[in-house]
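On the provided structure of chain D, position chain A as indicated by the hints.
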Amino acid sequence: MSDLGTGEPLLRTAQLIVENDDVANTLELPRLTSRVDVIREICRHLAPYQAGERPIVGETIIAKDLTIDSLAIMDMVMELEDSFDVSIPMNVVAEIHTVDQLADTILDLRAKR
Amino acid sequence: MGLFDRHAGLLEAYRDVRTTGADPFQIRMERVLSPTEAIINGRKTLLVGTNNYFGLTFDPSCMEAAIEAIRAEGTGTTGSRIANGSYSEHVLLEEEIAAFYGMKHCMVFTTGYQANLGIISTLVGQGDHLLIDADSHASIYDACKMTQAEVVRFKHNDPSSLESRLRRLGDKPGNRLVVLEGIYSMLGDSAPLREFVDVCKKYGAYVLVDEAHSLGALGETGRGLCESAGVLDDCHFIVGTFSKTLGAIGGYCVSNDPDFDILRVTVRSYMFTASLPPSIVASVRQALRVVKARPELRKQLWDNVATLYDGLAAQGFKLGPEHGPVVGVHLPDRMLAIGFWRAMLDAGIYVNVAVPPATPNGVSLLRCSVCAAHTPEQLQHMIEIMTGIGRQLGVISATPKLRVVAGNR
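Respectively, the protein sequence lines represent chains D and A.
For the first sequence, the working numbering puts the final residue at 113, and the numbers step up evenly by one.
For the second sequence, the working numbering puts the final residue at 1409, and the numbers step up evenly by one.
Just so you know, the hints here were simulated from the structure itself, not pulled from any lab data.
Certain hints may be false.
[What the hints assert, rightly or not] As a list, the in silico EDC-like pairs of lysine to aspartate or glutamate whose alpha-carbon atoms are at most 16 Å apart:
| id | chain 1 | residue 1 | chain 2 | residue 2 |
| --- | --- | --- | --- | --- |
| 1 | D | 112 | A | 1171 |
| 2 | A | 1104 | A | 1261 |
| 3 | A | 1155 | D | 79 |
| 4 | A | 1044 | A | 1346 |
| 5 | A | 1155 | D | 75 |
| 6 | A | 1104 | A | 1257 |
| 7 | A | 1155 | D | 82 |
| 8 | A | 1145 | D | 95 |
| 9 | A | 1155 | D | 85 |
| 10 | D | 112 | D | 85 |
| 11 | D | 64 | A | 1005 |
| 12 | A | 1202 | A | 1234 |
[Said to hold, decoys possible] Stretches of chain A that chain D covers, calculated by requiring three or more beta carbons in the stretch to come under 8 Å of a beta carbon on chain D:
| id | stretch |
| --- | --- |
| 13 | 1144 to 1153 |
| 14 | 1177 to 1189 |
Cβ coordinates follow ideal geometry from the N, Cα and C atoms, glycine included.
One chain only, chain D, in its complex shape (with noise of 0.2 Å):
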């Protein structure tokens, strides 16, 4: 996680999430790991697959809003998996729509260690 915001795009869509986020919610997070961390890392991977100008926020449906096809997706996950030190089986990838389910779905994981 060395090479965060290293792209422009990326910074803006970092700092627009940063913005919706529910504070109250980050404090309560175990272990130093944010929703904003974790959102962060999603917008990284996610941000070749940008269509147009949309930024990537968290509603951003992930199949569907980007030009990200499912093998993409699923190796995504396993990179996350990796930085987040969680697995997420694949059939719980495929309940996942929204960049927030699956922060959500890792800091979940995540507390459950």
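Quick look at chain A alone, frame taken from chain D:
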């Protein structure tokens, strides 16, 4: 929404493919002449994309065995082994494959796809954990959809990626089953099986290896990667196919597990489909004898792999990571891959084109599969043609740098 609307994206991609004037997924072989030649579009075409690794489809002894079996037992079994019973030949084939591996049990399936589908989806269930390589074959992915087990992917050929996933399971209850392939079908690379097996032992995971592309090709006696890596005894389940090296159709699974036979009444892809016809069983039994009796076919195959792989690499083509009976040639994008494929066919050489989403990491490939029966002249001709087309299309430089190529094997 119409029934076919969800395929709109695929339809568009498929249209791109077909507008080149030939459809790589609906090629008609007007007449197959030998393991290495067929008539396509009215002309004699060199086959370098049919997984016919030992060239046994036209082996006279295998053909005779099949013909004799038809005369003796008819054309088909007209049902499953559960309903219609097993023919003696089915049972003998299973005994011979089990003996080939030195394992106690073998189950034969009507296709390799059904073997993976049925075995993997049935071995693990609710509360179990299935761990698969990210580049697994479609039959393994489809098995994942059919099981109630939790499925997690690990990075292709990366034992440390598997280990972190097994570690994260911690002391969660449930069996762990790890699925690997001997040789991966798109790029021809082998799994680092010994390292994988060490990780599986450490975490008490069962190991299943699919030797579809490595049966015959790897190992001192052709038993596959499990044999060449020296881990045959550590692999709990080995799956394979009759449709490649053995030149027919069908699949199998061998194991030493004492309860293995319960799968005969639980695996649905075994129970609810017609069993292999006698002719296929007979030719497969004979092909297995040929594999055992003629190790020189394996040497011929690898000599041919070296000729093709090193020849293409010397011209500057970007290939899969190591020598293998499958030689994957990387191309920059899908359209170029399709154009290249078409030019090859026009020049009388048939290979496979593999494009996203059927390929790992979205790569576009020409997939070549080498046959022991290819002559050096055929392969040199292919390298020459590919080099010419590669230069015309700007895939490789017109003035190749001279470089020494060392094979990985």
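Quick rundown of the hints versus the structure:
| no. | hint | in the structure |
| --- | --- | --- |
| 1 | 112/D to 1171/A | 13 Å, holds |
| 2 | 1104/A to 1261/A | 10 Å, holds |
| 3 | 1155/A to 79/D | 9 Å, holds |
| 4 | 1044/A to 1346/A | 11 Å, holds |
| 5 | 1155/A to 75/D | 8 Å, holds |
| 6 | 1104/A to 1257/A | 8 Å, holds |
| 7 | 1155/A to 82/D | 10 Å, holds |
| 8 | 1145/A to 95/D | 13 Å, holds |
| 9 | 1155/A to 85/D | 14 Å, holds |
| 10 | 112/D to 85/D | 12 Å, holds |
| 11 | 64/D to 1005/A | 14 Å, holds |
| 12 | 1202/A to 1234/A | 12 Å, holds |
| 13 | 1144 to 1153 | holds (count 5) |
| 14 | 1177 to 1189 | violated (count 0) |
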